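One letter stands for each residue in the lines below.
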Amino acid sequence: MFIRLVYESFRRQKRRKVLAGAAITLGVTVATAMIAVATDIGDKINRELRTIGANLVVTPQEDTLDVEIGGINLKPPTDGAFLSEAELPKIKGIFWHNNITGFAPMLPVNVALEKGGAKLDVTLLGTYFAKHVAYGNEDFVTGVRSTHPWWKVGGAWPDDKSNDVLVGETLATRVGARPGDTLNVSGRSLHVTGSLSTGGAEDNEIVAPLALAQQIIGKPGAVRRVYVSALTKPEDAFGRRDPKSMSGAVYDRWYCTPYPQAIALQLTEAISHSHAEQIRQVSQNEGAVLTRIEGLIFLITLAALFASALAVSAAMATAIFERRAEVGLMKALGAGKFAVAAVFFAEATLLALFGGVIGFGVGSVLAHQIGHSIFNSQISISPVLFPVILAIAVLVTFAGSALAIRRAVTLDPVFALRGEL
Amino acid sequence: MSHQARDLAASRAHAPQTSMFVRMLLRAAVLRRGRAASALFAMVVAAAVATAMLNLYVDVQAKLQREFRNYGANIILVGKNGASLPVNSLSQTDSALAGRGIAAPFGLVVARTTDGQPIVVAGTDFDRVKQLNRWWQVNNWPTASQQALIGVRALPLVSPKGQPFDLTFQGKALHVSPAGSVQSGAAEDSRIYISLADFVSWTGIQPSTIEVAASGSPDDVAHMMDQLAQSIPAADVRPVRQIMEGEARVLGKTRATLLAAAALIILTAALCVLSTLMGWVFDRRRDFAIMKALGASEKLLNGFFAAESAALGATGAFLGFLVGIGIAVWIGRANFHAPVMPRLSVLPVVLIGSMLVTLLSSILPISLLRRVQPAVILRGE
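Here the protein sequences come in this chain order: B and C. By the numbering used here, the letter at position 325 of the first sequence is numbered 325, and the numbering carries on one by one without gaps. By the numbering used here, the letter at position 188 of the second sequence is numbered 188, and the numbering carries on one by one without gaps.
Hint data in this document are derived by calculation from the structure and do not stem from the laboratory. These numbers were taken from a predicted model, which means no experiment stands behind them. Even for Gly, the Cβ is constructed at its ideal location relative to N, Cα and C. There are no misleading hints in this set.
Derived contacts from chain B toward chain C, CB cut-off under 10 Å, selection only:
#, residue
1, A23
2, L65
3, P149
4, S197
5, D203
6, A264
7, S283
Work out the full structure, taking the sequences as your base and the hints as a guide.
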């Protein structure tokens, strides 16, 4: 009899059930989409923040001081220590290798640019543009095009295997070099593929493939420093602690958290005779911006959950209120409070499950769309979310109906049937 | 007949319809307190959520821009062709900024340590740098003349035990004592910083670079760059492109996410109001039928329900606006540690939106009921 009551209620009152179900579906959709966006927003914004540039730098441990003003290097190019290029792929072998979005080695060398008989002392910067690097079974592409995305090239990027170069735009206007020209640099003629605009010191330099710079100073495999772009967790009090003072378990926890310091330590371990350091301008502020945005989206998700809970309970309350006469009839026929409440709760649960499943599906699509249109990348929804969302849907529907059901079971059947309430 | 009652009767005789109309509106609200209150509650919540979201959406840019200013300079002034900047450059930069940012001068030379090592020595204004480059990790800022701030990589070289040392530049010596060390992970680590006054009297060179952190929108910053280029023609004014681009990207994406979230939330809230109100109006089909049976015209009925829902929408919007401002201010305090400024420009949007939703939610059921004979409704069918 109970099952028949519920079944018939769904069969005969399609309009009302569809309305209440639609409200639940909408609520769950909004909740799913917002939770998915909120859990992923940190990662997405972190990737956007990588446009500001690398947040870690690896230098040789025994290096002499940089003597550099406005991008002009006053240190003899062969002076000081170097890192070995052959070790660089190991960067992709550290514990947090999935968080490394790219790295770019740098080797500045001083060269003489011959132009119309006059010699001009300029810096030639050797680096990777978009080089294929292999580590183990993994094959990846890295270089300044991913770590320095604000570098703009008029013309084409040179190939990493070629002897082609980019000329900084200020230098290019000074010497009148255009894409397609050939430059005489320290006895070599180099083909110019484009002009480079960075807004920084590189505007006055020649940027070339790393191998070319190594040939010029006669030090194959030498790298002066490596810029590493990594996704990091905002630094907190625990992250700032000195790892040397930690005990085993605490140290493991620190080491296995992507703090800038922890990744720097792993880089130092990976490359011999090196010292990795966070570039504080980038990494410190990143944490602040990230925390703010994550906090904001979290609070807004709470607001969204609240709004959808309210919408669901309003719809349920209306639906039950409209069925006063039915309640009156049930009670007149001898149904107790418990029986009446059970029917309504069973209906609410069914509606919540239906609405929850459909809403979760629609919400996933919506989150996917938001990720695609705003961040150009996937927002992944973990399956763990599904039971959680379903439980929330049932709970909210229950809570929303509870007040209306309480009023319904205390109705006097006489008044209810006469429609005087 | 008392004085008051006579007045009332006179006013009714004067405009019987208006006074009845107002009475019906008021009575409907007073007698059916419960349902009216729940409809109003839904309206207030929806308007509050909408207000808070719109307010945040408008304000989040300013809030995040402030965070981004911690990245330091977004504009750099350098003397053209490596020359020093004119002496009054800094004061002109300050007057161009007019409090909307901070500027710090830098002069750089290569000096020699006592054992002949070349080292970059920079002269700057420590009070300004402290505000501009907040990411510098400094254990102790210099306060007196002839005190220096030394990069962590330079420290073991020039003053391993913290003792005073000499620097020479073009034959002139400067005796400095280390006050503290600076760590930034970049070029600053291999430099020595001294006060600008010491620097100028020692080297005779004026600062060649001014770093400026200008606050405001990209348009404001571009305008500031034009202004600086005009007031200091000897300087090359350059944007720090990675900071500007990164800022624009992150702000754009955050605002887009916020807009999507706001749209979803406002839509949900509006639908909540719609369903509550439609239920309320539908419940009152008996009132509707009685009015019609008593001879109320179609126009009067529409006017009655429209006026009622408009009044509900307006009241809800005003109350919701106040609550929403409260929520926005709280979110601002909790998340950005600075209150979100209440935007009055949000009020008309919320007001019009609320009234549209309430009107829609009364017009829909009324247009359904209009076709039905009053007798059918009154018989409870």
